[in-house]
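Those protein sequences? They're chains A and B, same order as listed. First residue of the first sequence: -2, per this note's numbering; consecutive thereafter. First residue of the second sequence: 481, per this note's numbering; consecutive thereafter.
Since the hints were made in silico from the structure, they are not lab data. For glycine and all other residues, C-beta sits at the position ideal for the given N, C-alpha and C. Don't take every hint at face value.
Claimed, not checked - Stretch by stretch, here's where chain B covers chain A in the computed footprint (C-beta under 8 Å, at least three residues):
#, stretch
1, 42 to 49
2, 64 to 75
3, 98 to 105
4, 127 to 136
As the list claims (entries may be wrong) - Each computed DSS-like pair below joins lysine-lysine, with the alpha-carbon atoms no more than 25 Å apart:
#, chain 1, residue 1, chain 2, residue 2
5, B, LYS601, B, LYS556
6, B, LYS601, A, LYS71
7, B, LYS559, B, LYS601
8, B, LYS559, B, LYS623
9, A, LYS71, B, LYS623
10, B, LYS515, B, LYS556
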Amino acid sequence: MKPKLGARLLLVSLGFLAGCGGLAATAPPAPRAGTATLWGTVRLVPHQGVTLPASAGAYADRALRDAELVDYSKPEFAVVSVEGLPSPGGTATLVLRASRFATRFEPRYAAVGVGGTVTVRNEDAIPHLVSSPRAGALVSVLPGGSAEIPAREPGEQRVFEVSAPAGGGASGAEASVYVASGPFAVASSDGRWVLAELPVPVKSEPGGAAAPLVLHAWHPRFPPIDQPLSLAANDSRRLDLEFQVR
Amino acid sequence: MNRACRLLASAAGVLFALAAVSSSAAESTGTVTGKIRVDLPGIDLSTLGPVVVYLDSVGTPVSFTPPTDEPEISQKGAKFEPSFLLVTNGQTVRIPNDDSIVHNAFSYSRPNAFDLGLYPKGDARTITVREPGPIRIYCSIHKSMNAMVFATPLPWRAIADRAGAFRIDGAPPGHYRAVMWNERLPESAQPVDVAAGQTSNVEISVGGSTR
């Protein structure tokens, strides 16, 4: 059964809005008294002056038709955090799975606060060697077992599966964990994020300034975004962020 | 003596002088050889990509002139080729566009972040490395384009062979750290002393544990 005209118009309008990149972020509930909430969107913006082809198949050069284009329509993964506020720590769990052809971490990207832990759980039937160079970790994880890798420093902490592959070739899976120095939010796949009920820093002395805060946004492939931030009690503010190579 | 003989004599003189200089350089520098030892069974170094071993100064900084050659990473077939390049801090890397389409090269690896902008076939741009360490390079158009430049602090370095053996020639005498770097393994280092005309041997261990 075909949808009615009104429903079709609604669908077309939604499609148009999505096509325009007009992501409608909905305001979250008002912050609890004395705290602040930040929310908004992240999006990827192509290099100024570039016209992206619809697909690599559009290239006249046949050698380029298998090239994979950067998908600017959605961020895939991004983390927004506030530097200067206490880290929530926490745990990021990566599950190591294997098929006949390859090993992989699920999820491929994750986030945790400084002082937290990256837990790697082996759900394969054989032991796997896992490394995280930034943490100085190299461990063998038994089937059904797990390894806990400390997340000490802010920034990207990569995790690799480094067992020699049975059939030769290059070693396998990798994942990236973003280690945030303060409260953080992982954006949804379409780019919405909410940092709810942030503690508002107290000024060290009357008339003095509170510690400076920075809003930091991280994406695995794009330059990070840093912008100074001030927070006031009961503040609820929308901030739309753009990742762009410039 | 005819002209041909004089030319032959001059050439022999030049060769003799070059050999003397080379021999003198070899006598005033030292060699470091060694092996990467992996303590955890199940790792095959040859499957992990380039395993770099480099010398880093301990205490007194070692002066050197960065190599003046400009190694290249070509943009070809919507890939960076080679996808890994080993350079010395201060060295310049050339990134030509050898494709028929526009490309970009950028990095956000601090403090060596750069953006070379968009440039067409036949154009080439350069970066000069300002700090040692890994520099991940991307194209802002093509997801398939990823490369890594690793800059060593000093020019004395090697890429270990499939068995983890390495040899570094021409290092000035002094105290160093021999550092092992691989993108997928924790860094590891061992102290090593280099003496003029001597070969020092060092074993660098990559450790681990079982959970």
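Comparing the hints with the structure gives:
1. Counting residues of the stretch 42 to 49 of chain A whose beta carbon lies closer than 8 Å to any beta carbon of chain B gives 5, which reaches the threshold of three, so the coverage claim holds.
2. Under a criterion of three residues with beta carbons nearer than 8 Å to beta carbons of chain B, the stated coverage of the stretch 64 to 75 of chain A is upheld, 5 such residues being counted.
3. Proximity of the stretch 98 to 105 of chain A to chain B, defined as three or more residues with a beta carbon under 8 Å from a beta carbon of that chain, is not established by the 0 residues found.
4. Check result for the stretch 127 to 136 of chain A against chain B: holds, 8 residues qualifying (beta carbon to beta carbon below 8 Å, three or more required).
5. At roughly 10 Å between alpha-carbon atoms, LYS601 of chain B and LYS556 of chain B fall within 25 Å of each other, so this suggested pair holds.
6. Only pairs whose Cα atoms come within 25 Å are accepted, and LYS601 of chain B paired with LYS71 of chain A is rejected, the gap being roughly 29 Å.
7. Taking the CA atoms of LYS559 of chain B and LYS601 of chain B, the gap is near 14 Å; set against the 25 Å cutoff, the hint holds.
8. Between LYS559 of chain B and LYS623 of chain B the CA atoms are separated by roughly 9 Å; this keeps the pair inside 25 Å, and the hint holds.
9. Restraint check for LYS71 of chain A and LYS623 of chain B: the C-alpha separation of about 14 Å stays at or below 25 Å, so the hint holds.
10. The hinted pair formed by LYS515 of chain B and LYS556 of chain B fails the criterion: a straight-line CA distance of about 35 Å is larger than 25 Å.
In this structure, the hints that do not hold are numbers 3, 6 and 10, in rising order.
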